[in-house]
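Participant: If you're matching them up, the sequences are chains A, B and C in order. Sequential numbering of the first sequence, starting at 558, is according to the numbering used here. Sequential numbering of the second sequence, starting at 91, is according to the numbering used here. Sequential numbering of the third sequence, starting at 5, is according to the numbering used here.
Honestly, the hints are just simulated from the structure, not real lab data. The model shown is predicted, which means the values in this text are computed figures rather than measured ones. Treat the hints loosely; a few may be bogus.
Between beta-carbon pairs, the in silico distance windows are [what the hints assert, rightly or not]: (1) Asp-620/A to Leu-108/C: 33 to 41 Å; (2) Asp-742/A to Phe-160/B: 30 to 38 Å; (3) Asn-593/A to Met-5/C: 33 to 41 Å; (4) Glu-238/B to Ala-203/C: 31 to 39 Å.
Partial list, computed: chain A residues near chain C (C-beta under 7 Å) [what the hints assert, rightly or not]: (5) Gly-630; (6) Tyr-648; (7) Val-652.
The C-beta atom is built at its ideal place from N, Cα and C for all residues, glycine as well.
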Amino acid sequence: MLRVTDVTCARGGIPVLSEVSFDVTASKALILRGPNGIGKTTLLRTLAGLQPALGGDVDADVDDLAYASHADGIKTALSVTENLKFWADIYGNPVPDTIWEAFDLADLQDRIAGTLSAGQKRRLGLARLGVIGRKILFLDEPTVSLDGFSVKLFAKWLQDTHLAGGGIAVIATHIDLGIDAPELDLTPFKADLNIGGGADEAFL
Amino acid sequence: MSFWEYANPKKFMGWTAPVLPYVFGAAALCLTVGLIWGFFFTPDDFRQGSTVKIIYLHVPAATMATGTWFMMLAASLIWVVRRHHVSALAARAAAPIGLTMTLIGLLTGAIWGQPMWGTYWAWDPRLTSFLILFLFYLGYIAMWEAIEDPDTAADLTSVLCMVGSVFAILSRYAVNFWNQGLHQGASLSLDAEEHVSDVFWQPLVICIVGFVLLFVGLVLMRTRTEIRARRIRALEARARRA
Amino acid sequence: MIALLLRDLRLAVRAGGGFGLGLAFFLIVIILVPFGVGPQVDLLTRIAPGILWIASLLAALLSLDRIFALDFEDGSLGLLATSPLPLEGAALMKALAHWITTGLPLTIVAPALGFLLSLAPEAYSYLLLSLLLGTPALSMIGTFGAALTVGLRRGGLLLSLLVLPLYVPTLIFGAEAVRRGADGLDATGALILLGTITAGCFALLPFATAATLRMNLR
């Protein structure tokens, strides 16, 4: 269960979204929509605890949260297996055998990550989500540079493995992932110009 | 009403504006009296001759060089603990003044050192630690300039100032270990037998008070400038969004 | 924590990791010194302790900006910050990895280069011991400096400006120990102080480094 109450978040010290509230229950996903620059990334980073919120509450165990964006911490000098093994070790988990099939990486296991194509690298980055064992995922445009087949593959993993196992996902995306999830349009939450709380507030 | 209310940027601008002329006035008075008294109405030292009179610039500048760093340390701690913007900006405003004071201390020391020790510069512990302090100021100022986000800059420079203080003190002891020097002991101390005699001492104290007042005035003035700069920044950011 | 250490070591020895560059730099600096000051053996013997220490300090400085910059760019640092691994531990491991890839090799080859500079025979053991005690502090202080400048575009130069003054005490005690050893004096005091600085750095700086990283990641 993830409960977000009246969260206000800021980018570069300026509030961008104010009083965002939503609930997501176990095994469910939520898709965030909104034009570029509305603050989807900022909101996801704030919810995941990477930056402080200006106000509001995120009701969830911090140790359940994980944020993922295009910067997915893949080391180009390490092999695919070494990359996944590293993150699994950091989180104290084993690498599940099913991960290779789920992200179509079985043939690439021993390849050096630097020699992968952009799409393959992206799949490796997403596979990281499968080894860290976090319940609540905040995904920022997870399907960038993936082809149609890989998008389906990822949606299938999300639906059948992550959500089916009681996980939660909050996803900012522009395409249709083909998973059954409600959508939340962030446009109405755009922060008013005169809202307080920004870093420069004391100087105005 | 608490004491900290005066640290609100608007309040700060309010109370500093009328105070500033008095601070500068008092600084000018002290410096005029102290320097004229020191330069023209004290006897020449029996060993050092008239060169001793540079003490009226050298000692106050050196005092303020270290004093400024301590003020920056205190301001950094206040920013870290209570997050008063003015505190961080005051630390930023003080750094170039401290740098200048260090430079004045080093230069007047060199001018004094030439007739006394026969050299402008020696790798004496005191001189060396001031040179190291100079480097610390440079690094601190460069750090402020390098970071775009003002709050992140305040955070990082505060950490730098705190860690730097520890290392500055370590360096002070390290250079003592490394080389015993020729520099005389502290010119002013409460119990030492050998401090400078009363005729020199009185104008010196006035000069030090003058330097402190000058420092306070400059810091207030520069902090006001920093606050205005932040305000412009905030207004611009707001205008861009509108 | 060990996983992070192993990954960093693996990255350092893989292609493009830059392992060995610091050593090569160390070698070149030492070779250049006699060209600058002249080949007189007695002069070289006298300045060898200081030159060896300054050269290893500069060689350690060379690779500092890589400690966090690459992890910051590819997002690993942000992911590490939200992982179960405490950031203090990560900072410690980063410093340790830097030491194993630069400080330790420098310590091992330093005696060979001391030979080039006609270092006094009595000083070799002190050179080894002082570098062994002192270079970890260089790595830890450098890691802190790297954390301060991690988000900056041209952080490398600023990093040197920030870190070099912090190296002063380590350099003084390290070089002094070797010099005393070369002169046949008692160097125990300098070595103890050097060890104290290293211990103090490792006890306190991981916390400052982690705090700094959190500020930079916000």
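Participant: Could you run down the list of hints and mark each one as holding or not?
Facilitator: Hints, verified against the model:
no. : hint                               : result
1   : Asp-620/A to Leu-108/C: 33 to 41 Å : holds, 35 Å
2   : Asp-742/A to Phe-160/B: 30 to 38 Å : violated, 54 Å
3   : Asn-593/A to Met-5/C: 33 to 41 Å   : holds, 39 Å
4   : Glu-238/B to Ala-203/C: 31 to 39 Å : holds, 37 Å
5   : Gly-630                            : holds, 4 Å
6   : Tyr-648                            : holds, 6 Å
7   : Val-652                            : violated, 12 Å
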